[in-house]
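Number of protein chains: 2
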Amino acid sequence: MFSLPNDVTIIEVGPRDGLQNEKKEVSTEQKLLFIKALQESGIKEMEITSFVSPKWVPQMADAADIVEHVQQQGRQFVLTPNEKGVTRAIEAGVKSVAVFVGVSNSFNLKNINKTTEQSMQELKPIINQLKQQGYFVRACISTAFYCPYEGEINVEDTLALCKEFASWGIDELSVADTIGMANPQESYSLFSYLMREIPNVLMTAHFHDTRKMGLANIYAALLAGVSRFDTSAGGLGGCPFAPGATGNVATEDVVNMLHTMGVQTGIDMNLLCKAVSIIEPSVSRPIETGMYTLYKMEQ
Amino acid sequence: MFSLPNDVTIIEVGPRDGLQNEKKEVSTEQKLLFIKALQESGIKEMEITSFVSPKWVPQMADAADIVEHVQQQGRQFVLTPNEKGVTRAIEAGVKSVAVFVGVSNSFNLKNINKTTEQSMQELKPIINQLKQQGYFVRACISTAFYCPYEGEINVEDTLALCKEFASWGIDELSVADTIGMANPQESYSLFSYLMREIPNVLMTAHFHDTRKMGLANIYAALLAGVSRFDTSAGGLGGCPFAPGATGNVATEDVVNMLHTMGVQTGIDMNLLCKAVSIIEPSVSRPIETGMYTLYKMEQ
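If you read the sequences in order, they're chains A and B.
Here the numbering used here = 1-based position in the first sequence + 79.
Here the numbering used here = 1-based position in the second sequence + 79.
It should be emphasised that the hints constitute simulated quantities derived from the structure, not laboratory data.
Worth double-checking, as some hints may not be accurate.
The calculated DMTMM-like cross-link candidates involving lysine to aspartate or glutamate, where the alpha carbons are at most 25 Å apart (straight line), are [claimed, not checked]:
| # | chain 1 | residue 1 | chain 2 | residue 2 |
| --- | --- | --- | --- | --- |
| 1 | B | Lys375 | A | Glu377 |
| 2 | A | Lys375 | B | Glu367 |
| 3 | B | Lys375 | A | Asp236 |
| 4 | A | Lys375 | B | Glu377 |
| 5 | A | Lys102 | B | Glu276 |
| 6 | A | Lys353 | A | Asp141 |
| 7 | B | Lys375 | A | Asp86 |
| 8 | B | Lys102 | A | Glu377 |
| 9 | A | Lys189 | B | Glu377 |
| 10 | B | Lys134 | B | Asp86 |
| 11 | B | Lys375 | A | Asp141 |
| 12 | A | Lys375 | B | Glu101 |
| 13 | A | Lys102 | B | Glu377 |
| 14 | A | Lys103 | B | Glu276 |
| 15 | B | Lys189 | A | Glu101 |
| 16 | B | Lys102 | A | Glu367 |
Which chain A residues face chain B? A few, computed with CB under 10 Å, are given here [unchecked claim]:
| # | residue |
| --- | --- |
| 17 | Gly259 |
| 18 | Met260 |
| 19 | Asp288 |
| 20 | Ala299 |
| 21 | Val333 |
Keep in mind that this is a model prediction, so the values were computed, not measured.
Note that beta-carbon positions come from the ideal geometry of N, C-alpha and C, so glycine has one too.
Please put together the full structure from these sequences, using the hints given.
Structure (structure tokens):
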């Protein structure tokens with residue numbers, strides 16, 4: 080039997096990554112009920128919203144409202160794409176900021192109309208200032224394995240980007256298989272490498288379930304020593320490059336796998352599924368994750 | 080990086096395990112087109128039907144017709160529950176027979192109204208005769224990890240049952256997580272143990288995806304040295320104890336994971352997805368596996 084970490088931290092990204100591409104308009108009230116229910120299930124870290132242009136992501140137009148009304152419990156992240164977003168987030172009173180950049184230049188250009196280098200030049204002084212003022216900074220590394228335009232990503236490029244962030248004193252790296260193409264061998268290999276090369280930053284793995292390898296990749300990352308995972312309640316979210324496909328790996332299925340392997344998360348499965356049932360009527364797709372399907376059968 | 084086998088054999092169980100609980104009546108012609116398309120995709124071993132009572136499993140009433148019309152290519156299994164089934168199968172002209180028994184007594188009683196011991200007593204002379212006559216015999220071990228009635232199964236009980244079959248000279252053991260509850264640590268642990276204790280029988284792993292751990296369990300079984308997997312095209316099938324849940328782990332998603340890790344299967348992904356598209360109109364649930372969803376988007 081392989082040894083696993085005793086405890087794992089789940090970073091719930093449903094309210095942000097899960098809902099940002101949702102076509103139905105989800106009310107602020109519904110989002111707040113969802114977030115509250117997730118907190119009550121025992122989730123301690125969460126991406127609650129993002130300060131992006133409402134023109135591009137109308138679903139996140141209520142970011143300041145969300146921040147104002149969410150109960151402070153554990154760590155609440157907001158995602159910000161640029162200086163303007165960071166300023167709005169800080170004015171709203173956040174303590175933990177997530178920034179993002181793609182290893183793939185083509186992806187970064189499509190996503191935020193900047194090269195990866197331009198993004199990094201812009202982020203450097205922002206992060207410097209955030210760290211001086213005591214904020215917790217998380218850097219989300221998109222397309223760390225594969226890019227829909229460039230194909231396979233060179234691990235050295237991913238490492239270089241992560242190292243640059245680390246040199247700026249950020250607290251956490253969330254390294255993402257954005258289009259759900261990585262396999263368990265690649266997951267094990269990249270995370271082993273990154274953790275060996277960058278030992279002093281919290282290392283988080285972020286998988287999408289497009290090709291159903293999400294849990295296999297998480298298992299492999301656990302074997303590599305990763306103990307932080309981004310997941311989305313109900314498997315909400317979806318890669319814009321694979322519309323029909325499921326999105327983020329589902330929190331309830333990850334938590335079940337962890338618990339049955341004796342890994343603690345501090346999360347109550349029943350309350351977690353209850354949180355999923357709160358958001359289900361607000362989204363346009365039926366939720367058919369493993370544990371939520373079983374939960375509904377028992378109701 | 081962990082070392083993996085170079086080649087894996089897929090035993091396609093869709094036409095039997097996948098369709099047996101299907102509520103819509105699937106015509107013999109549709110089944111034959113499905114099987115032919117699966118063979119054309121490169122699948123070499125397949126459970127094509129079962130000789131069970133048409134009263135209990137009406138979907139398999141055309142077993143003799145299926146056997147008569149399927150092209151002999153590689154290895155075609157038929158599943159048989161008892162002496163009567165074996166006799167019918169042999170009269171129909173099969174060369175490879177699969178028998179099944181549950182490690183869990185309660186499950187075996189519910190399933191075929193016999194204790195596990197009664198099943199084994201009945202099977203012993205049948206298998207003895209089949210082996211004397213040169214048939215290939217596969218033994219399917221149900222509830223090898225968990226039982227819906229008895230909970231966790233003692234690994235020693237699973238081992239004892241497998242060893243008894245091995246002592247009768249059977250060719251293959253297909254060890255199943257019937258209700259999709261096993262986790263990757265358990266998969267690794269049980270298969271490592273069985274392969275060490277029973278080195279001279281082909282060892283096959285059979286996973287259901289009820290809790291979405293199917294691919295993770297297959298990855299763990301690969302690390303334990305397993306190189307044969309039962310899978311079902313389109314993820315067809317469903318555990319009768321979890322009606323809404325997905326059934327067998329999907330062939331196309333398993334094959335994709337294997338191919339991207341450099342493990343060969345001899346199966347063509349495009350032709351495999353074409354086979355899924357042939358059966359999709361005949362089943363009552365939309366097929367939403369990872370690779371088939373991506374395939375449909377490209378059409």
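Each hint, compared with the structure:
no. : hint                   : result
1   : Lys375/B with Glu377/A : violated (33 Å)
2   : Lys375/A with Glu367/B : holds (20 Å)
3   : Lys375/B with Asp236/A : violated (33 Å)
4   : Lys375/A with Glu377/B : violated (33 Å)
5   : Lys102/A with Glu276/B : violated (54 Å)
6   : Lys353/A with Asp141/A : holds (24 Å)
7   : Lys375/B with Asp86/A  : violated (40 Å)
8   : Lys102/B with Glu377/A : holds (22 Å)
9   : Lys189/A with Glu377/B : holds (21 Å)
10  : Lys134/B with Asp86/B  : violated (40 Å)
11  : Lys375/B with Asp141/A : violated (35 Å)
12  : Lys375/A with Glu101/B : holds (21 Å)
13  : Lys102/A with Glu377/B : holds (22 Å)
14  : Lys103/A with Glu276/B : violated (55 Å)
15  : Lys189/B with Glu101/A : violated (44 Å)
16  : Lys102/B with Glu367/A : holds (20 Å)
17  : Gly259                 : holds (8 Å)
18  : Met260                 : holds (8 Å)
19  : Asp288                 : holds (7 Å)
20  : Ala299                 : holds (7 Å)
21  : Val333                 : holds (9 Å)
The structure fails to meet hints 1, 3, 4, 5, 7, 10, 11, 14 and 15 from the earlier list, while all remaining hints are met.
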